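Student: Sequence:
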Amino acid sequence: MNAEGPQTQVIKEYTRLAGSYDTNWSFYIEATTRETIARLPLRAEDRLLDVGCGTGALLYHLSTSHPATQLVGLDPVPEMLAVARRKISSDIALHEGWAEQLPFADAQFDVVVSCSMFHYVARPLDALIEMRRVLRPGGQLVLTDWCGDYLMCRLFERYQRLRAHAHARTYRTHECARMLKESGYTAVQIETYKINWLWGLMTARGTHVQA
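Going by the UniProt record's numbering, the first residue of the sequence shown is number 1, and it counts up by one from there.
The set of hints was computed from the structure by calculation and includes no laboratory data.
This one's a predicted model, so the numbers in the text were calculated from it and none came from an experiment.
The C-beta atom is built at its ideal place from N, Cα and C for all residues, glycine as well.
Watch out, some of these pointers could steer you wrong.
FRET-style restraints, in silico, Cβ to Cβ [what the hints assert, rightly or not]:
{"#": "1", "residue 1": "Leu151", "residue 2": "Gln108", "range": "24 to 32 Å"}
{"#": "2", "residue 1": "Leu155", "residue 2": "Ser89", "range": "37 to 45 Å"}
{"#": "3", "residue 1": "Thr186", "residue 2": "Arg16", "range": "37 to 45 Å"}
{"#": "4", "residue 1": "Glu175", "residue 2": "Glu13", "range": "32 to 40 Å"}
{"#": "5", "residue 1": "Ser90", "residue 2": "Trp197", "range": "24 to 32 Å"}
{"#": "6", "residue 1": "Gly19", "residue 2": "Gly97", "range": "15 to 23 Å"}
{"#": "7", "residue 1": "Ala107", "residue 2": "Tyr159", "range": "19 to 27 Å"}
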């Protein structure tokens, strides 16, 4: 039995993958980045946090398509952040940390985005509550991830959980909607789509309304 916790497994797996990640996953990164940006409710001079920014693909594209947006990235793996740092402007702040314990004060961001990270989160409700905490009133969470509504994603999840201990869970749309509502988000919307024959994704959106 493997005694290592999920966070240790994430660090080990992505430390190993960091140097080749952009090359080996180029199609997936390009497609998920494109689909996520198309669904972001960005206004000029918004402040955006990318949780699980990885090698910085989303931040890089946003810095060119939305140059007035203030961008911040967070990832737990130093080697992934090092790749991102070489790719993006020094004006974009990068932080090391976990979604379940964000190193930011309350109400700091207009948009929090997460792309292809949520299936690694061991405590999803804690992460969603933390992301809502750092949103300003009226701010939005935009979360893109694998969608368990699709058969191929469910089968791939089983394979991943057998070979990659970092993988936590792929959720179906009704499970994601329930967690967002339980975490205090309103106006929850989830859109499902496919980027090829294998990958079925969902992008979930929720708004932080101050109580």
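Student: Between Gly19 and Gly97, is the Cβ distance one that fits in 15 to 23 Å?
Tutor: holds (22 Å)
Student: Is 37 to 45 Å a correct range for the gap between the Cβ atoms of Leu155 and Ser89?
Tutor: 40 Å Cβ-Cβ, so the 37 to 45 Å window holds.
Student: Is the hinted range of 24 to 32 Å satisfied by the C-beta distance from Ser90 to Trp197?
Tutor: Violated - the Cβ-Cβ distance for Ser90 and Trp197, about 40 Å, lies outside 24 to 32 Å.
Student: Is it true that the C-beta distance of Leu151 to Gln108 lies inside 24 to 32 Å, as the hint says?
Tutor: violated (39 Å)
Student: Tell me if the beta carbons of Glu175 and Glu13 are separated by a distance inside 32 to 40 Å.
Tutor: violated (24 Å)
Student: Mind checking the hinted window 19 to 27 Å against the Cβ distance between Ala107 and Tyr159?
Tutor: Given about 40 Å between the Cβ atoms, the range is violated.
Student: That 37 to 45 Å hint for Thr186 and Arg16 (C-beta), does it hold up?
Tutor: holds (40 Å)
Hint compliance for this structure: hints 1, 4, 5 and 7 are broken, all remaining hints hold.
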